[in-house]
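So the sequence shown is numbered by the numbering used here: it starts at 1 and just counts up by one.
None of these hints come from the bench; they were simulated from the model.
Be careful, since some hints might not be right.
As the list claims (entries may be wrong) - Estimated spans, in silico, between C-beta atoms of each pair:
(1) D48 / T95: 34 to 44 Å
(2) N275 / D238: 14 to 24 Å
(3) P164 / S32: 41 to 51 Å
(4) G113 / D48: 25 to 35 Å
(5) A101 / K280: 54 to 64 Å
(6) E84 / R248: 24 to 34 Å
(7) D184 / P120: 22 to 32 Å
(8) T124 / T221: 10 to 20 Å
Glycine included, C-beta positions come from ideal geometry on N, C-alpha and C.
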Amino acid sequence: MSARIQRTMKTSKPLIALSLCTFALGGVACGSSEPVAFSIPFSAVVGDQAFACGTDYDGVGKDGATITPGDLRFYVHDVTVVDEDGNDVAVTLDTSDAQLAGAVLLDFEDGTGACDTGSPGVNTAITGTIPGDVVVSAVRFTIGLPDELNHLDATTAEAPLNIPSLFWTWASGYIFMKVEAVNDADDVAYFHHGSTGCDGTPAEGFSCAYKNLAPIELPFTKDDQVVLDLEPIFAGVDVEAELAEDNRLRGCMSFSGDADCVSMFGAIGITYEENGGSPKQSAFSTSPR
Numbered sequence: 001m002s003a004r005i006q007r008t009m010k011t012s013k014p015l016i017a018l019s020l021c022t023f024a025l026g027g028v029a030c031g032s033s034e035p036v037a038f039s040i041p042f043s044a045v046v047g048d049q050a051f052a053c054g055t056d057y058d059g060v061g062k063d064g065a066t067i068t069p070g071d072l073r074f075y076v077h078d079v080t081v082v083d084e085d086g087n088d089v090a091v092t093l094d095t096s097d098a099q100l101a102g103a104v105l106l107d108f109e110d111g112t113g114a115c116d117t118g119s120p121g122v123n124t125a126i127t128g129t130i131p132g133d134v135v136v137s138a139v140r141f142t143i144g145l146p147d148e149l150n151h152l153d154a155t156t157a158e159a160p161l162n163i164p165s166l167f168w169t170w171a172s173g174y175i176f177m178k179v180e181a182v183n184d185a186d187d188v189a190y191f192h193h194g195s196t197g198c199d200g201t202p203a204e205g206f207s208c209a210y211k212n213l214a215p216i217e218l219p220f221t222k223d224d225q226v227v228l229d230l231e232p233i234f235a236g237v238d239v240e241a242e243l244a245e246d247n248r249l250r251g252c253m254s255f256s257g258d259a260d261c262v263s264m265f266g267a268i269g270i271t272y273e274e275n276g277g278s279p280k281q282s283a284f285s286t287s288p289r
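Throw the hints in and build the complete structure from the sequences for me.
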């Protein structure tokens, strides 16, 4: 074999290795465990229509009402991915005005139309890093806030825990998920979900009879997004109900004994109070981005 051919063969091996590594870097960093950027995009829909403040949606609730959104915000924490072997891998979250101490505020309302929240900003993705050699097969997150974050002072806490309209002063805890639908008569149907039966003080701490945290697990690849559908949340609610002494609001504000809370909590996979059963969540799914 000539020296020229030998030199060519020697130099071609690193080139092949580099080519393979470059290809892998487009996905999982050539087998490296070095952290790579990772995001979980979210979108919201009402049935088969994209969510948008100021848009009317027909056929919502058990009475088939026409609604326009009034609010859509929710907190999540304990964000992980599941690898090919079924192992749970933590997502190291970025720090931003929407992400703090492992908690994320997902915010779809933009302050327009009936979404008169005074909050024009939106956030529709969880962002962070994962080890580069992880091939993601599913995502997991929990709707709500952990105990150590759930009883802060919303007037002094850092973003995104500094929003008084997402805090119950009477319950001394945050509203984990806030969804509001305005009907044709400008009446509001609510879903305000959070911990209930809470007692304590800021100095001594709080305990809650029902933490009402909702763990969600969904199949997921790098080409997917998480979709929240509001239709299942309102499916069991009479959005245009006439109010009465024993039914002071449409929907659920997590008051004890509120019948509408059973189906609304069930839509995100939570048993409401002592109603038994193990509801399977129906509000979240995944789809291609």
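Are there hints from earlier that the structure breaks, and if so, what are their numbers? As far as the earlier hints go, 4, 5 and 6 are violated by this structure, in ascending order.
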